[in-house]
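Asker: Here are the chains, one letter per residue:
Number of protein chains: 2
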Amino acid sequence: MMVTLSDVAKKAVVSKMTVSRVINHPDKVSPELRELVYKAMKDLNYVPNFTARALVQKRTQVIKLLILEEMDTTEPYYMNLLTGIAVGLDKYHYALQLVTRNSHEIGPCDGVIATGMRIEDYENIIEQLEPPVVLFGHNDKGYDFVDVDNEKGIQMATQHVIDLGYNEILFFGIDLDEPFMQTRIKGYQKMIEKHNLNSHLFMMKNSSHVSQAKATKQLEKDEERIAFVCASDRLAIGVVRAAQALGLLIPQQVAITGFDGVFLDQISSPKLTTVRQPVMEMGEALADMLLQKIDLDGERLGNRIFQPELIIRESTIK
Amino acid sequence: MMVTLSDVAKKAVVSKMTVSRVINHPDKVSPELRELVYKAMKDLNYVPNFTARALVQKRTQVIKLLILEEMDTTEPYYMNLLTGIAVGLDKYHYALQLVTRNSHEIGPCDGVIATGMRIEDYENIIEQLEPPVVLFGHNDKGYDFVDVDNEKGIQMATQHVIDLGYNEILFFGIDLDEPFMQTRIKGYQKMIEKHNLNSHLFMMKNSSHVSQAKATKQLEKDEERIAFVCASDRLAIGVVRAAQALGLLIPQQVAITGFDGVFLDQISSPKLTTVRQPVMEMGEALADMLLQKIDLDGERLGNRIFQPELIIRESTIK
DNA sequence: TCATCTTTTATAAGCGCTTACAAAAGTATA
DNA sequence: TATACTTTTGTAAGCGCTTATAAAAGATGA
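Protein sequence lines correspond, in order, to chains E and S. Residue numbers for the first sequence follow our numbering, beginning at 2 and rising by one. Residue numbers for the second sequence follow our numbering, beginning at 2 and rising by one.
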């Protein structure tokens, strides 16, 4: 039924070791034998047994996803991240386990992916971790991480509405004191300075109802042609509703850009111009990076910054 | 470092076998020895090695999720299902792999969860499966499944708008010839008949833009007080936009109910009355059921029908 | 040609656990 | 008290693979 290393060895008339070596260190085997073994593997349709390998290598085949911020599991953003990680892990027959701040212990595992750290978490949690770690989101403590270029993302959105001739540009941000938010603010302000415009920052809870209220207040001042650069699609959707309720034309009188590009942007009407983060790909990258790091015994691997993409839709262009 | 069976055995002064038996068949061990072993396990903080067990039991520790319908992975519905399954599997150190219709082979695994089957798929795919299977969604071929009570869900929604005094009630469905849709239609029609009302069925693609167009056409006929019972939150959102664009008051002139209760319902304004499916719980149930089935060597386990919940919000009640 | 070094291949042991079987202990029957 | 059971515990083997180490084969130089 199941084809094992021994079967392949027998078929190729070599020892088990040679077959194992062909799999793990092909360069240490002479080309002739190597070919012989490859052929035998193909003929017999050999699939290596991950479980056996894990046992002898004392691996758990489990990696933990440590989520340190309040996560709304219904938020598509996290779901996508999770799916991306799962896809990455599955390639190596790894299982994923979720751990939150409430969990008492992390438990046995081969590696950890962490997200949503606050400053104090590095000392208290991340540093204490025994197995290799990869972080989701920028840090300057020397941990490997995966992130999107937040500054560039907001700059693209801001530049875009400037190009459309808007010069009253408001930034709607989320009132969280976290790096990703600071970077987005920076992106906005740099662009505003560069074009000698006035900066208008509004920070609020990440809720479409809150942003709707805030936007209504601004739009009622009846200045003409206001653009809203929002730090999330959720905020952007609230602004859309505010404009529509006041009977203003999108995108002629009001232009709106979102951020994330995960699901929400598509169900809005008009469809949202947004800065898309490749969340699933980032999840996969996290998994790839961590697994590589495990193989390399925790060696430093560097960071991976993903480029966001400006997706232009009806909320800014007719 | 790592505590093994042998360590526990030594500590409890018994053989490895006795410890193994305490874990797997506690009833086959005398109470005194059992307690002794439990104490030793606790003292040493013993965690069984799943990998070793999997090896000797010839398990792969992999289960496959077979998705037979076109799935939009950005759809929060599926993400939640996936997350639920992952949570369920993690408890037993199982890994999840995704398989779609395009995949040539299913590959080695201990069990399969399948979703989105059409009639012909049972013969062609499901029946061919070697390992235990659990289905997501109703079937009458004798396979174990997990589903939500679709009929009851729509009935609750329909009854709710009837109770609000609406007697012009339209059903907005998805034009897919699948059991879940037929059952939702049935739920609507039964309720309509019971109250001697007129049935109005509209089937369409599951898109908020399509439902917006269709709803606009109906609302322009300017009959008063129309209720829309929708087969998805996505359709419901389109109807909301149609009503708002025509300046009609929700819920005074137009009442709207959705279906699913996964994320979309919350970002709408007004917030949607919806029939919530416990998707994550259902995913977890799928995993639990399958793992139990694997342990019981594929034995029939029966079905699990989850009760939906009517969540009443601003789209039907002031 | 033989000793010495390098490359290539094989042998043996064991990862932590369970299955199959054997031994020991306890219980009942005559 | 010996016999045949039943229940409880222990021994040995091995799942499929890898690490460590030994053996064999080639290559090099005197």
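To be clear, the hints were calculated from the coordinates, so they are not data collected in a lab. Do not rely on the hints blindly, as some may be mistaken.
Note that the list lumps identical chains together, so a pair holds whenever it fits in one copy or between two copies.
Claimed, not checked - Here are the simulated DSSO-like cross-link-like pairs (lysine-lysine), alpha carbons at most 30 Å apart as the crow flies: (1) Lys12 x Lys206; (2) Lys92 x Lys59; (3) Lys218 x Lys43; (4) Lys92 x Lys294; (5) Lys59 x Lys11; (6) Lys272 x Lys191; (7) Lys218 x Lys294; (8) Lys187 x Lys142; (9) Lys206 x Lys142; (10) Lys29 x Lys294; (11) Lys215 x Lys92.
Asker: Would you mind marking each hint as holding or not holding in the structure?
Answerer: Structure-based check of each hint:
1. In the homo-oligomer, the alpha carbons of Lys12 and Lys206 never lie at most 30 Å apart, since the shortest distance is 65 Å inside one protomer and 56 Å across protomers.
2. Taking the shortest Cα distances, Lys92 and Lys59 sit within 30 Å of each other both inside one copy (19 Å) and across copies (20 Å).
3. For the homomeric pair Lys218 and Lys43, neither the shortest alpha-carbon distance inside one copy (69 Å) nor that between copies (62 Å) is at most 30 Å.
4. Taking the shortest alpha-carbon separations for Lys92 and Lys294, both the intra-copy value of 15 Å and the inter-copy value of 25 Å come in at or below 30 Å.
5. With identical chains, the CA atoms of Lys59 and Lys11 are at most 30 Å apart both within one copy (27 Å) and between copies (21 Å).
6. Taking the shortest alpha-carbon separations for Lys272 and Lys191, only the intra-copy value of 27 Å comes in at or below 30 Å, while the best inter-copy value is 37 Å.
7. For the identical chains of this complex, Lys218 and Lys294 are neighbours neither inside a copy (51 Å) nor across copies (58 Å), given an alpha-carbon limit of 30 Å.
8. For the homomeric pair Lys187 and Lys142, the shortest alpha-carbon distance inside one copy (21 Å) is at most 30 Å, but the shortest distance between copies (60 Å) is not.
9. Taking the shortest alpha-carbon separations for Lys206 and Lys142, only the intra-copy value of 28 Å comes in at or below 30 Å, while the best inter-copy value is 50 Å.
10. For the homomeric pair Lys29 and Lys294, the shortest alpha-carbon distance inside one copy (23 Å) is at most 30 Å, but the shortest distance between copies (44 Å) is not.
11. Taking CA atoms no more than 30 Å apart as the test, Lys215 paired with Lys92 passes in neither setting, with 46 Å inside one copy and 44 Å between copies.
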